[in-house]
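Colleague: Please construct the entire structure, taking both the sequences and the accompanying hints into account.
Below are the chains, spelled out letter by letter.
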Amino acid sequence: MNEPLLRSLTPDVLQILVRRGAGFAAAEDAVQDALVEAVRVWPDDPPRDPKGWLITAAWRKFLDAARADAARHRREDLADREPPPGPAPAADDTLWLYFLCAHPSLTPSSAVALTLRAVGGLTTRQIALAYLVPEATMAQRISRAKRTVSSVRFDRPGDVATVLRVLYLVFNEGYSGDVDLSAEAIRLTRRLAAAIDHPEVAGLLALMLLHHARRAARTAPDGALVPLVEQDRGRWDTALIAEGIDILQAALALDRLGEYQAQAAIAALHADAPTAADTDWVQIVEWYDELVRLTDSPVARLNRAVAVGEADGPRAGLAALAALDHTLPRHTAVAAYLHERDGDPATAARLYAEAAEKAPNLAERAHLTRQAARLNTGMNH
Amino acid sequence: MAKYLLLKHYRGAPASVNDAPMDQWTPEEVSAHVRYMNDFAARLEETGEFVDGQALAPEGTWVRYDGEGRPPVTDGPFAETKDLIAGWMVIDVDTHERAVELAGELSAAPGAGGEPIHEWLELRPFLTEPPTITE
Numbered sequence: 001m002n003e004p005l006l007r008s009l010t011p012d013v014l015q016i017l018v019r020r021g022a023g024f025a026a027a028e029d030a031v032q033d034a035l036v037e038a039v040r041v042w043p044d045d046p047p048r049d050p051k052g053w054l055i056t057a058a059w060r061k062f063l064d065a066a067r068a069d070a071a072r073h074r075r076e077d078l079a080d081r082e083p084p085p086g087p088a089p090a091a092d093d094t095l096w097l098y099f100l101c102a103h104p105s106l107t108p109s110s111a112v113a114l115t116l117r118a119v120g121g122l123t124t125r126q127i128a129l130a131y132l133v134p135e136a137t138m139a140q141r142i143s144r145a146k147r148t149v150s151s152v153r154f155d156r157p158g159d160v161a162t163v164l165r166v167l168y169l170v171f172n173e174g175y176s177g178d179v180d181l182s183a184e185a186i187r188l189t190r191r192l193a194a195a196i197d198h199p200e201v202a203g204l205l206a207l208m209l210l211h212h213a214r215r216a217a218r219t220a221p222d223g224a225l226v227p228l229v230e231q232d233r234g235r236w237d238t239a240l241i242a243e244g245i246d247i248l249q250a251a252l253a254l255d256r257l258g259e260y261q262a263q264a265a266i267a268a269l270h271a272d273a274p275t276a277a278d279t280d281w282v283q284i285v286e287w288y289d290e291l292v293r294l295t296d297s298p299v300a301r302l303n304r305a306v307a308v309g310e311a312d313g314p315r316a317g318l319a320a321l322a323a324l325d326h327t328l329p330r331h332t333a334v335a336a337y338l339h340e341r342d343g344d345p346a347t348a349a350r351l352y353a354e355a356a357e358k359a360p361n362l363a364e365r366a367h368l369t370r371q372a373a374r375l376n377t378g379m380n381h
Numbered sequence: 001m002a003k004y005l006l007l008k009h010y011r012g013a014p015a016s017v018n019d020a021p022m023d024q025w026t027p028e029e030v031s032a033h034v035r036y037m038n039d040f041a042a043r044l045e046e047t048g049e050f051v052d053g054q055a056l057a058p059e060g061t062w063v064r065y066d067g068e069g070r071p072p073v074t075d076g077p078f079a080e081t082k083d084l085i086a087g088w089m090v091i092d093v094d095t096h097e098r099a100v101e102l103a104g105e106l107s108a109a110p111g112a113g114g115e116p117i118h119e120w121l122e123l124r125p126f127l128t129e130p131p132t133i134t135e
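Chains A and B supply the protein sequences, listed in that same order. In terms of the UniProt record's numbering, the first sequence opens at residue 1 and continues consecutively. In terms of the UniProt record's numbering, the second sequence opens at residue 1 and continues consecutively.
No lab work stands behind these hints, which were simulated from the structure alone. There's no promise every hint is true.
Only pairs whose alpha carbons sit at most 25 angstroms apart, straight line, appear in this in silico DMTMM-like list of lysine to aspartate or glutamate [stated by the list, open to error]: (1) A:LYS358 / B:ASP94; (2) B:LYS3 / A:ASP178; (3) B:LYS3 / A:ASP180; (4) B:LYS3 / A:GLU364; (5) A:LYS358 / A:GLU340; (6) A:LYS358 / B:GLU122; (7) A:LYS358 / B:GLU129; (8) A:LYS51 / A:ASP180; (9) B:LYS3 / B:ASP52; (10) A:LYS358 / B:GLU101; (11) A:LYS358 / B:GLU97; (12) B:LYS3 / A:GLU354.
Rough simulated footprint, nothing fancy, chain B against chain A, three-plus residues with beta-carbon under 8 angstroms [stated by the list, open to error]: (13) 137-144; (14) 276-290.
Note that the Cβ used here is the ideal one computed from N, Cα and C, for glycine as well.
Modeller: See below:
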């Protein structure tokens with residue numbers, strides 16, 4: 001059973017059905033049914049032409065459903081309410097599906113679910129498992145999303161930024177269930193990058209590759225977080241890092257900077273340093289300046305304060321931090337770190353404990369608690 | 001895409017505005033209240049925001065490890081047991097604002113006189129896996 005192949009064929013098959021005149025929602029249902037049948041039939045009877053097989057099966061499912069629908073409509077005397085077929089997209093326009101699934105009329109979670117199903121070819125069950133919600137809930141989320149976009153007509157190109165945000169959300173969900181969402185986000189972004197020449201698409205792809213390359217080193221075998229400075233750089237995937245840097249450099253050469261390129265540049269500077277001590281913090285601060293200029297994001301400002309602390313010393317970092325809103329997520333954790341480096345373990349321990357209480361996830365809470373414990377027990381001896 | 005636990009309390013939460021004990025309501029008022037809760041859950045299933053929900057009995061047992069081979073202590077109530085959880089619902093929503101909105105809606109369930117109870121509900125975010133990008 002070649003599941004990656006099956007998944008990569010999904011958007012093409014879906015588009016062919018829509019081009020033949022099926023409405024988006026009906027086409028999407030039919031493709032899902034065909035995928036389920038493929039999973040059942042292919043192991044015993046592999047097709048010579050998988051794509052042709054899927055198109056035939058999906059079109060047959062669509063016709064069956066349309067006939068059943070028509071019969072029901074006749075019975076209910078509602079045949080005249082049958083909606084007209086959806087708009088047929090321009091030939092070879094794989095972008096259409098990305099833009100449709102990330103349409104601004106959808107909530108972020110609906111856009112993510114629809115993208116994973118229609119573009120990614122995941123089953124509802126796989127998506128539900130990945131997001132730890134009941135399958136019925138995910139099925140509703142997807143069918144609502146399909147209803148929302150079924151009336152959308154594309155006469156203008158969609159918004160690339162929205163598509164990128166959706167793919168970034170998928171990437172950040174990481175790994176849960178039986179699907180690696182980070183790898184899935186990279187696969188979908190690769191396809192998008194192949195279809196469209198846009199520096200921010202390349203920037204996001206580079207960012208994902210650079211982060212993915214460091215994934216194995218980011219957690220200890222027991223699931224504990226390993227901070228960047230302590231990571232075993234031998235476990236970083238150098239091929240992915242090299243690819244990410246190549247893609248980023250090509251994007252930067254176009255001279256249309258955006259937030260993903262700036263973030264990727266920061267990730268590249270981390271990934272490029274042979275040891276943590278060799279990190280080029282001065283250049284990282286400059287990239288954070290760019291990022292703050294582009295996004296005005298409080299999180300970027302917070303990360304900039306960390307970088308300033310490394311480049312110009314903890315006092316400078318604390319000064320940069322003092323200018324920021326204290327209620328920002330991770331503000332306390334950053335303050336704790338900078339106070340420790342400034343030689344004030346008592347304040348640092350207190351702030352680490354306080355930050356642990358505010359931590360947004362279990363791994364971070366455990367990590368911060370350990371930092372507080374390390375300083376507290378060290379001080380007692 | 002953030003999960004929240006909505007906790008409904010028997011005891012321990014501040015008194016609701018419409019604070020008549022449920023056994024003093026009319027049967028119709030009780031039915032209306034139950035229907036509201038069921039409709040609420042059904043609506044969240046449709047919006048794709050429902051994860052799970054259960055009602056809990058007021059009587060609970062306290063358990064702790066009490067040494068190898070010895071039976072655990074199972075007793076209560078303890079003097080410091082201030083609150084009692086009546087039920088919970090887990091929702092999966094896009095934003096904290098949406099979670100607050102839904103909790104507010106649930107708190108408006110009808111009570112005595114068909115008027116909203118205005119009860120206090122506890123809203124607690126789930127701690128989850130760390131995101132891929134942390135630094």
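Colleague: Work down the list of hints and note, for each, if the structure agrees.
Modeller: Outcome of the hint check:
no.: 1; hint: A:LYS358 / B:ASP94; verdict: 20 angstroms, holds
no.: 2; hint: B:LYS3 / A:ASP178; verdict: 20 angstroms, holds
no.: 3; hint: B:LYS3 / A:ASP180; verdict: 20 angstroms, holds
no.: 4; hint: B:LYS3 / A:GLU364; verdict: 18 angstroms, holds
no.: 5; hint: A:LYS358 / A:GLU340; verdict: 19 angstroms, holds
no.: 6; hint: A:LYS358 / B:GLU122; verdict: 17 angstroms, holds
no.: 7; hint: A:LYS358 / B:GLU129; verdict: 15 angstroms, holds
no.: 8; hint: A:LYS51 / A:ASP180; verdict: 24 angstroms, holds
no.: 9; hint: B:LYS3 / B:ASP52; verdict: 11 angstroms, holds
no.: 10; hint: A:LYS358 / B:GLU101; verdict: 23 angstroms, holds
no.: 11; hint: A:LYS358 / B:GLU97; verdict: 18 angstroms, holds
no.: 12; hint: B:LYS3 / A:GLU354; verdict: 23 angstroms, holds
no.: 13; hint: 137-144; verdict: holds (count 6)
no.: 14; hint: 276-290; verdict: violated (count 0)
Checked against the numbered hints listed earlier, the structure breaks hint 14 alone; every other hint is satisfied.
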